[in-house]
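Starting from the given sequences, assemble the full structure and let the hints guide the process.
If you're matching them up, the sequences are chains A and B in order. Residues 1 to 351 (this note's numbering) make up the first sequence, in order. Residues 1 to 613 (this note's numbering) make up the second sequence, in order.
With a cut-off of at most 27 Å between alpha-carbon atoms, the simulated DSSO-like pairs for lysine-lysine come out as follows:
no.: 1; chain 1: B; residue 1: K205; chain 2: A; residue 2: K345
no.: 2; chain 1: B; residue 1: K409; chain 2: B; residue 2: K262
no.: 3; chain 1: A; residue 1: K345; chain 2: B; residue 2: K168
no.: 4; chain 1: B; residue 1: K488; chain 2: B; residue 2: K409
no.: 5; chain 1: B; residue 1: K157; chain 2: B; residue 2: K170
no.: 6; chain 1: B; residue 1: K172; chain 2: A; residue 2: K345
no.: 7; chain 1: A; residue 1: K345; chain 2: B; residue 2: K157
What the hints contain is simulated information worked out from the structure, not anything from laboratory work. None of these values were measured; they are calculated from a predicted model.
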Amino acid sequence: MTYIAKPKLHHPQLPTNKLGFTRRDYEGAISTLCAGCGHDSISAAIIQACFQLDLPPHRIAKLSGIGCSSKTPTYFLGNSHGFNSVHGRMPSVLTGANLANRDLIYLGVSGDGDSASIGFGQFAHSIRRGVNMVYIVENNGVYGLTKGQFSATSDTGSKSKRGVVNTDSPIDLVLMALQLGATYVARSFSGDKTQLVPLIEGAIHHQGAAFIDCLSPCVAFNNHAGSTKSFDYVRAHNEAVNSLDVMPARAEITADYAPGTVEDVVQHDGSVLRLRKLATSYDPHNRIAAMNYLQERHAAGEIVTGLLYVDPEPKDLHAHLNTADTPFNQLGDGDLVPGSAALEKINAALR
Amino acid sequence: MPQPLERTNDFVIKFANVNGSGSASANTLFAKSILRMGVPVSPRNIFPSNIQGLPTWYEVRISEAGHLGARGGVDMMVAMNPQTWDKDVASIEPGGYLFYDSTKPMPPSKFRDDITVIGMPLTDICNRTYSDPRQRQLFKNIIYVGALSALLDIDLKEVEKLIGEQFKGKDKLIAPNIQALHMGRDYATKTFACPIGLKVRRADKVGDRIFIDGNAAAALGCVYGGATVAAWYPITPSSSLAEAFARYAARYRVDKATGKAKVAIIQAEDELSSIGMVIGAAWNGARAFTATSGPGISLMQEFIGLAYFAEIPAVIFDVQRGSPSTGMPTRTQQADILSCAYASHGDTKHVLLFPEDPREAFDFAADSFDLADRLQTPIFVLLDLDIGMNDRLCAPFAWDDARRMDRGKVMTYEELEAGKDFGRYLDVDGDGIPFRTYPGTHPTRGAFFTRGTSKDRYARYTEEGGAYADNMQRLLRKFETAKRIVPKPILRRASESTPIGVIYFGSTSPAMNEAMEALEARGVHMDTLRVRAFPFHDDVIDFVLQHEQVFVVEQNRDAQLRMLLVNEGGIDPARLISVLHYDGTPITARFIIRDIAERLESLNLAPRMKVVS
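Structure (structure tokens):
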């Protein structure tokens with residue numbers, strides 16, 4: 001396998017965003033994943049979200065662990081710095097990067113093996129700390145790159161391509177994220193770009209730990225009858241609680257919605273999450289109710305998707321630590337080094 | 001009975017206590033009062049991996065000659081722990097002294113007749129004076145300090161002054177402490193023939209030196225080195241480094257106007273996470289470090305390989321302890337040399353620094369961030385428990401205000417904008433060190449993908465053999481560059497020319513200085529070389545080649561530094577003779593002298609030794 005650059009030529013009239021970039025400017029190298037892989041749809045959704053939000057590509061840092069999902073940052077945002085770290089350890093690298101420069105947008109891309117098995121601890125602790133990031137798990141229930149072993153998100157009773165039935169209980173990363181204090185929690189499906197793109201946009205605007213569990217069927221090893229992570233199964237069992245539009249600032253509600261079916265959530269940066277309720281009783285501001293709902297629906301065999309929880313005024317790790325506004329990587333000797341006079345005083349106190 | 005020991009400004013006193021009894025601050029007070037009299041001391045805590053109830057010792061060597069290494073043996077035992085009584089009493093040198101709490105009578109069989117026994121009813125005095133149990137315990141410690149001041153002829157004014165300094169801001173504690181001090185002193189003066197044969201006499205041998213532990217000194221070095229991110233996981237004996245950093249940062253890194261911190265300190269969930277955060281922060285242009293001990297280094301292996309191969313700066317303090325496995329968590333060793341030098345799978349090697357004392361821990365800590373940025377690789381600063389967790393007299397800290405952080409080769413927006421060729425792994429200067437960019441520098445230029453997989457000079461993924469080998473060769477060139485910029489070894493020539501050399505490093509320093517002085521006085525001449533870094537400077541290899549036999553003194557079982565010398569310096573192993581001390585106690589001059597003398601004899605070099613009459 002080699003690195004494949006995409007041809008730079010494109011149609012002269014490709015639409016541009018406010019920064020003058022075309023969608024192509026947010027692309028990366030050509031994907032080397034299997035044809036039809038759900039992960040490529042997620043890459044496309046990330047590209048579209050960043051394009052639509054008019055983000056300067058170089059102000060985004062994309063980090064990942066190891067596995068098929070973690071390869072994808074090569075395939076989007078070619079003008080962003082990327083970091084393909086070690087298996088299951090993206091969250092710690094991202095946390096460190098975020099501490100060094102609070103001004104960039106941090107996109108963590110991981111898989112179910114990477115986040116629910118080897119990196120379960122790092123997933124949990126980065127969420128606990130409230131790192132300001134968009135943490136996307138491309139969840140296919142299997143280890144693709146090592147050819148189809150079950151991962152920890154595989155449902156009990158789900159059948160592998162070789163016919164083995166999984167007997168272990170699944171880890172639901174959305175429930176975990178809720179329990180651990182994530183302030184923006186969503187689930188989506190790689191096959192539903194309409195749902196996924198605004199969820200990513202809302203997460204990017206969110207100034208805290210945003211977690212998106214994105215079901216992303218593995219066409220090579222987990223897309224057969226008997227699997228609960230196949231395209232067919234997810235389509236048949238997908239129960240969206242709401243649909244989302246993200247707007248940079250609040251606008252009049254012009255469409256004709258029944259009263260109580262639309263809610264505008266204004267996030268800290270002024271962006272607006274316009275939620276159209278599909279499950280009328282679902283309240284995305286009630287963490288405990290959300291957890292109960294998810295468990296009930298999971299027991300009924302449904303896959304609940306949508307924006308499941310949001311705290312519009314989150315506190316992030318920098319707030320907890322009360323760190324300076326200037327990114328650490330821009331502080332110089334004058335900011336950091338106390339100098340010889342202070343050292344003389346220290347010496348004097350040590351005699 | 002042998003003659004009671006008569007020694008002034010040259011003896012060892014050991015306090016046997018129970019941990020959690022508040023003895024530590026009284027013992028430190030005792031040691032510092034002697035320092036204030038201008039007499040060098042070197043205290044050592046000998047403690048268990050436990051919080052309350054187990055035995056703990058505090059050993060103070062008083063040495064006007066300035067010997068700061070552990071000596072071995074005890075001239076006076078302050079036996080405050082019945083649990084360890086028998087062993088404590090047995091450890092006293094013949095002619096030595098035993099000071100104990102005589103409240104409860106002890107059978108004569110519990111004593112020795114070749115030592116001077118000084119019994120003082122400490123518990124009884126406390127119970128009569130204080131009603132609060134905690135006060136009884138705490139003031140008991142101060143009372144024995146008072147008694148010792150009379151017995152050893154310590155200037156009481158110095159102790160009083162120190163109490164005043166210690167409780168500054170909590171002034172109402174000063175008077176009762178001074179009162180307890182006097183109570184002890186008065187009792188001793190009235191009851192015993194003071195002073196005894198062991199005496200402290202005012203001298204002028206401390207000079208401008210400071211008294212601090214290596215972990216705190218290293219932490220301060222991190223502040224001066226510009227570290228802004230610290231990620232750590234608690235582990236003895238390194239935790240106090242991270243905690244000291246937090247203390248210094250609270251003082252020197254909080255913006256006075258906004259109250260905001262120019263530092264982030266994260267207690268991570270484990271060592272994997274702490275090194276991951278360090279790597280992420282350093283990748284993004286902050287100076288970052290972690291502090292750990294051997295087990296933590298084991299856990300960090302995969303990440304260390306990533307930092308080596310992807311070329312990301314990182315500073316790792318390894319405060320070494322007794323190992324392998326959980327080993328002896330509260331004892332000292334120099335046994336992580338190899339696991340750090342070759343940390344991680346595959347062909348990797350790393351820069352190691354070996355500070356000898358707190359002053360050098362400060363210097364090397366600050367330097368390590370420059371080295372990490374300059375070399376874009378992990379830098380290991382190898383302390384050990386002996387220098388990390390004990391107060392040590394050392395040269396005062398110094399800082400040149402003209403000094404600036406060396407951020408290494410970082411390509412700027414302006415350079416990228418001007419069209420300068422950027423290849424993340426391109427060796428433009430022939431020193432093996434490529435340029436890097438910080439994320440977010442330029443909208444369309446200078447972005448690259450960092451990965452642990454193999455890549456070409458422009459950071460593009462490749463499994464092509466030629467490109468892989470090219471990159472691995474460049475990493476070797478970079479390691480050659482490191483040789484030239486790491487701290488050089490320090491050579492000390494014997495007074496006469498000699499075919500014998502000694503190599504040592506790190507906390508072995510004070511014991512070695514003392515041993516060399518003694519051997520030299522006995523007519524044994526040896527050149528010494530203190531190695532301060534790996535990769536070895538050419539001078540290290542030359543030193544070995546210039547001597548017929550070279551002793552390599554280490555505090556581990558397997559002669560790890562010797563292995564590195566043989567392996568990396570291409571040295572004939574027959575030239576290198578190991579002197580190995582690894583029982584978890586700090587190496588002593590006595591040990592070095594005995595071991596080297598024996599080996600010289602067996603090498604038939606004994607005639608070189610003259611008997612001094």
